[in-house]
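Trainee: Sequences listed follow chains A and B, in order. If you count the first sequence from 1, position 114 lands on 121 in our numbering, and the numbers rise without skipping. If you count the second sequence from 1, position 101 lands on 113 in our numbering, and the numbers rise without skipping.
If you're looking for bench data, these hints aren't it; they were derived computationally from the structure. Each residue gets a CB set at the ideal place from its N, CA and C atoms; glycine is no exception. Heads up, some of the hints might be wrong.
[Claimed, not checked] What the simulated footprint calls covered on chain A by chain B, stretch by stretch (three residues with Cβ under 8 Å from a Cβ of chain B suffice, anywhere in the stretch; the number is not a length):
1. 81 to 89
2. 92 to 104
3. 107 to 117
4. 190 to 201
5. 206 to 218
[What the hints assert, rightly or not] Calculated pairs, SDA-like style, for lysine to any residue (alpha carbon to alpha carbon, straight line, at most 20 Å):
6. Lys107(A) - Asn138(B)
7. Lys20(A) - Ala212(A)
8. Lys16(A) - Val52(A)
9. Lys105(B) - Ile63(B)
10. Lys180(B) - Ile195(B)
11. Lys216(A) - Ala178(B)
12. Lys180(B) - Ile206(A)
13. Lys76(A) - Phe129(A)
14. Lys107(A) - Thr82(B)
15. Lys169(B) - Ile63(B)
16. Lys76(A) - Ala94(B)
17. Lys180(B) - Val213(A)
18. Lys76(A) - Lys180(B)
19. Lys20(A) - Ala178(B)
20. Lys216(A) - Phe179(B)
21. Lys16(A) - Phe129(A)
22. Lys177(B) - Ala215(A)
23. Lys177(B) - Val26(A)
24. Lys134(A) - Phe53(A)
25. Lys180(B) - Gln218(A)
26. Lys177(B) - Val213(A)
27. Lys134(A) - Phe14(A)
28. Lys76(A) - Leu123(A)
29. Lys20(A) - Ile139(A)
30. Lys180(B) - Leu29(A)
31. Lys177(B) - Glu219(A)
32. Lys134(A) - Ile80(A)
33. Lys177(B) - Arg217(A)
34. Lys177(B) - Ile206(A)
35. Lys220(A) - Phe19(A)
36. Lys134(A) - Leu74(A)
37. Lys177(B) - Ser214(A)
38. Lys180(B) - Ala211(A)
39. Lys216(A) - Gly181(B)
40. Lys70(A) - Glu132(A)
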Amino acid sequence: MTKKENFLKGIFKENPLFVALLGMCPSLAVTTSVENALGMTIAVVFVMVLSNFLISLIMSNEKLAALVKPVRIPVYIVVIATLVTIVEMLMHAYLISLYKSLGIFIPLIVVNCIILGRAEAFAAENKPTDSIIDGLGMALGFGVAILIVSIFREFLGTGLLTIWGDLQFDLNFIFDFLRISPLGMFTQPAGAFISLGFILAIIAAVSAKRQEKQINQVKGVKANV
Amino acid sequence: MSDLIAIAFSAFILQNIILTQFLGICPFIGVSTKRSSALGMGFAVIFVMLISSSITWLLYHYVLVEFDITYLRTIVFILVIAALVQMVETFLKKASPSLYKALGIYLPLITTNCAIIGVALLNISNEYNFVQMVVYTMFIGLGFLFVIYIFSMMREKLDHAPVPKAFKGAPIALIVAAILAIIFTRFGGLIEWIS
Chain A
8 MTKKENFLKG
18 IFKENPLFVA
28 LLGMCPSLAV
38 TTSVENALGM
48 TIAVVFVMVL
58 SNFLISLIMS
68 NEKLAALVKP
78 VRIPVYIVVI
88 ATLVTIVEML
98 MHAYLISLYK
108 SLGIFIPLIV
118 VNCIILGRAE
128 AFAAENKPTD
138 SIIDGLGMAL
148 GFGVAILIVS
158 IFREFLGTGL
168 LTIWGDLQFD
178 LNFIFDFLRI
188 SPLGMFTQPA
198 GAFISLGFIL
208 AIIAAVSAKR
218 QEKQINQVKG
228 VKANV
Chain B
13 MSDLIAIAFS
23 AFILQNIILT
33 QFLGICPFIG
43 VSTKRSSALG
53 MGFAVIFVML
63 ISSSITWLLY
73 HYVLVEFDIT
83 YLRTIVFILV
93 IAALVQMVET
103 FLKKASPSLY
113 KALGIYLPLI
123 TTNCAIIGVA
133 LLNISNEYNF
143 VQMVVYTMFI
153 GLGFLFVIYI
163 FSMMREKLDH
173 APVPKAFKGA
183 PIALIVAAIL
193 AIIFTRFGGL
203 IEWIS
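The whole structure should be built from the sequences, with the hints applied where relevant.
Mentor: Structure (structure tokens):
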């Protein structure tokens with residue numbers, strides 16, 4: 008596997024949210040606005056890249072790995088929890104409004120199964136550089152997924168896309184009816200479930216069609232032979 | 013007393029842990045395909061949640077606050093919960109094999125269940141005292157059991173429903189959950205109507 012493939016698999020082929028259905032709790036809770044989704048992405052990228060790096064450093068050292076192996080899950084949890092605490096403190100200091108709107112979901116990055124899953128499945132068995140690339144790809148894959156959900160929800164729910172107050176993308180010239188009567192349900196909890204449900208269904212439909220095409224191609228080749 | 017009833021009602025319905033706070037979605041989608049497993053998971057969550065919330069509440073107020081190290085709460089809580097689940101599992105195996113048989117397979121899944129640590133953190137951020145904390149945790153747990161049980165009944169019916177191919181599995185489950193969420197948010201009107 009090349010470095011590029013390693014990076015891209017997290018975004019498309021093994022996307023943690025859309026394909027593996029991991030990390031559902033934060034992806035439903037923080038997608039009320041694009042702003043929150045971006046903040047969550049930054050936090051997850053930071054934690055995931057560093058945790059993958061540190062864990063693969065620990066596990067690639069033979070002496071340390073032998074010592075850590077029987078208690079590896081608690082060790083991973085401590086590494087991840089430390090990084091999450093650092094992110095929490097940094098956000099509290101520099102991004103106070105984001106800290107308040109994400110609330111409890113910053114400390115809950117600890118139990119985000121994507122991070123622990125990659126630590127166990129990839130970082131423990133691969134070199135530090137590869138692990139950083141894998142962590143970056145997976146975290147960005149998660150970020151892209153929650154951004155898609157949040158764009159869907161914020162746009163339908165308010166008719167506007169706002170990013171940190173300064174940049175306001177007003178897309179209403181196309182969908183004027185949304186400004187007049189925004190679908191408020193989409194900013195509420197029910198909207199999160201519906202949005203994710205429909206996005207997953209669209210992805211399932213597209214991938215089923217692609218598979219069908221591939222099977223037909225294989226059949227066609229066989230028929231020609 | 014009236015504040016306890018308010019806490020209980022809002023924990024059970026208005027702030028329902030699954031449908032409005034989005035905690036514990038993984039078991040909600042994953043374990044809700046059969047009624048029996050939904051019940052087992054629900055009771056396991058109530059059981060572990062009550063013990064872990066009490067212990068983390070005491071630890072926070074009598075150790076972390078005392079030594080002024082409250083910033084360590086995430087690390088401390090997750091370690092306490094992970095250790096506790098292990099202990100509960102071993103204890104149940106020895107002390108009550110029948111209970112272990114019913115809840116055993118759900119216990120390891122609970123360590124990564126964000127509902128448990130989420131409620132432990134919410135108890136702190138809501139600044140509850142001990143009694144309020146116990147009531148809140150109890151009713152959050154009951155709310156979890158209630159919703160996951162209703163949902164599992166709906167999913168058993170969904171298995172036989174003619175669902176479009178692309179919606180099979182998780183997508184239709186999420187849309188059913190959305191309908192449940194609409195119903196639960198509308199219960200808010202009940203409080204306004206009463207008061």
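Trainee: Take the C-alpha atoms of lysine 134(A) and leucine 74(A), compute the straight-line distance between them, and say whether it is at most 20 Å.
Mentor: 18 Å, holds
Trainee: Can you confirm whether the C-alpha distance between lysine 180(B) and valine 213(A) stays at or below 20 Å?
Mentor: 14 Å, holds
Trainee: Can the restraint linking lysine 20(A) and isoleucine 139(A) be considered satisfied, given a maximum Cα separation of 20 Å?
Mentor: 18 Å, holds
Trainee: Is the Cα-Cα distance between lysine 216(A) and glycine 181(B) 20 Å or less?
Mentor: Judged against 20 Å, a Cα distance of about 17 Å means the pair holds.
Trainee: Is the straight-line distance between the alpha-carbon of lysine 180(B) and that of glutamine 218(A) 20 Å or less?
Mentor: 17 Å, holds
Trainee: Quick one, are lysine 16(A) and phenylalanine 129(A) close enough, alpha carbons at most 20 Å?
Mentor: 13 Å, holds
Trainee: Run the distance test for lysine 177(B) versus valine 26(A): straight-line Cα separation, threshold 20 Å.
Mentor: 16 Å, holds
Trainee: Just to be careful, I want the Cα atoms of lysine 134(A) and phenylalanine 53(A) compared with a cutoff of 20 Å; is the pair within it?
Mentor: The hint holds at about 19 Å.
Trainee: Mind checking the alpha carbons of lysine 134(A) and phenylalanine 14(A) for me, to see if they're no more than 20 Å apart?
Mentor: Holds, at about 14 Å.
Trainee: Quick one, are lysine 177(B) and glutamate 219(A) close enough, alpha carbons at most 20 Å?
Mentor: 14 Å, holds
Trainee: Just to be careful, I want the Cα atoms of lysine 76(A) and lysine 180(B) compared with a cutoff of 20 Å; is the pair within it?
Mentor: 40 Å, violated
Trainee: Would the hint linking lysine 180(B) and isoleucine 195(B) be met if the CA-CA limit is 20 Å?
Mentor: 23 Å, violated
In summary, the numbered hints that this structure violates are 10, 15, 18.
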